Amino acid sequence: MARAVMYDNIRRAGTFLAPSALALPLMAMVAPGARAEGMPQLDFGNPYVIGQVIWGAGIFLVLYLLLSRSALPKVEKVLSLRRQTIETDLGIAHKAKTRADEAVADLHEARRKALADAQANVDKVVEEARLAAARQTEEMNARLATEIQDAETRIAQARGQALASVREISTTTAETLIHQLSGIAAPADFVTAKVGSAAAARGL
Amino acid sequence: MAAGSSIDALGQFELHPVLGALGESLRFSQSPMMMIVAAIVVLAFLYVGMRPAAVVPGRLQSAAEMCYDFIYNMAVDTIGPEGRAFFPFVFTLFFFILAGNYLGLLPFSFAFTSHIAVTLALALMVFCLSIIVSLKVQGAKFFAHFMPAGAPKALAPLLIPIEILSFLSRPVSLSIRLFANMVAGHVMFDMFAAFTIMLAGLGFFGDIIAVGPVVINIALMALELLVGALQAYVFAILTCIYLREAVAH
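Chains as they are written, first to last, in this note's numbering: chain A, 1 to 204; chain B, 1001 to 1249.
Some hints here could point you the wrong way.
In silico SDA-like links for lysine to any residue, alpha-carbon gap of 25 Å or less [unchecked claim]:
id, chain 1, residue 1, chain 2, residue 2
1, A, LYS74, B, MET1147
2, A, LYS74, B, LYS1136
3, A, LYS77, B, LYS1136
4, A, LYS77, B, GLU1065
5, A, LYS124, B, VAL1037
6, A, LYS77, B, VAL1041
7, A, LYS77, B, ALA1222
8, A, LYS74, B, PHE1146
9, A, LYS77, B, MET1147
10, B, LYS1136, B, MET1147
11, A, LYS97, B, GLU1065
12, A, LYS77, B, THR1078
13, A, LYS124, A, GLU147
Derived from the structure by calculation, the hints contain no laboratory data.
These numbers come from a predicted model, not from an experiment.
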């Protein structure tokens, strides 16, 4: 029961509050009892109205002089010092960067030169090795050719000697065979002639 | 502010002497007092901020340098290379108005920029400076600007008065813009604060409703922070534009 009464009061207050809240700006303009006797700012008969202008002129002048002669130059000094410091530091940094770039360029140049020198040395060594190998091969070939030639000469000599002995051996073998088979000693000239003709027929 | 059921939103702009009899004799009200406070705040901001004078700045020094750069760039970009000569003036103008606008947002404070006499004096100072610079740089050619180039000469009797009127309206628009914005903001603050007090007198439900104007005032404070900076910027940039026209050959 009490709660219902309270809700009822709140509803009534709400119906009163809502339009009141909406009417607040309007109330500001048409508030009953608001005095409209005039603006004190327009009361130029009041000596303080003009007095504040004179005081204001003096205060503004003093403020201007203090700002322009002291406070603002102080700020400008700090700002220019900062600009100068930054420019100096930037200059140092640029110089350091230039030096570093030059050092890097020198390093690259030295590296490139070292690579070129190394490559040239490698090429030279390889060429020398190739020439040495070729020379050795040539010498070896020459030596082998000489040895082959010597061997062939020796073979030819041996062959010649062997071929020169073929008729003698054949003659001796033929005399021995004739003697063994027939018991007759064949005439040496006859056997030699026959062996000679047989060898000639065979190209020996 | 709120007296019974009445709201006096304009009472906050009344000027009263401060420092007793001395202030009364010197016509020294809360307005010049806040001007002095504004000048001290601006100077303290720069002097304290720049005290370390470090190459790598701290937060306050960075803020001071950013303010310097902001106004310097505004002056030089808008006026041109000649803007360097006017930079201290534009800087003073901008921060004097900005500090005045923001100090006026503090409780028990006073916004001297909400007085047309002050804003008009500032605007007239800019106006006179621009005329002096124009006459010095352009000489008699300055008056030729009142006749738009290329316009038929037959229209001169019509165009020249319009141009002169337009030129003379500069200090009026410059001063009223700042004055009206600051007055409107402070009146709104006062009105909604008065609503809170008036609604709080209605009992339990009044207390609840009274939260509404407080919330609105919080939002208004954010708006006024924006307006305060924006109006100082508008005043400074228009000053730069007038000076650019003055130094242009």
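The hints, checked one at a time:
no.: 1; hint: A:LYS74 / B:MET1147; verdict: 44 Å, violated
no.: 2; hint: A:LYS74 / B:LYS1136; verdict: 30 Å, violated
no.: 3; hint: A:LYS77 / B:LYS1136; verdict: 30 Å, violated
no.: 4; hint: A:LYS77 / B:GLU1065; verdict: 11 Å, holds
no.: 5; hint: A:LYS124 / B:VAL1037; verdict: 92 Å, violated
no.: 6; hint: A:LYS77 / B:VAL1041; verdict: 21 Å, holds
no.: 7; hint: A:LYS77 / B:ALA1222; verdict: 36 Å, violated
no.: 8; hint: A:LYS74 / B:PHE1146; verdict: 41 Å, violated
no.: 9; hint: A:LYS77 / B:MET1147; verdict: 44 Å, violated
no.: 10; hint: B:LYS1136 / B:MET1147; verdict: 19 Å, holds
no.: 11; hint: A:LYS97 / B:GLU1065; verdict: 31 Å, violated
no.: 12; hint: A:LYS77 / B:THR1078; verdict: 23 Å, holds
no.: 13; hint: A:LYS124 / A:GLU147; verdict: 34 Å, violated
Against the hints set out earlier in the document, violations occur for numbers 1, 2, 3, 5, 7, 8, 9, 11 and 13.
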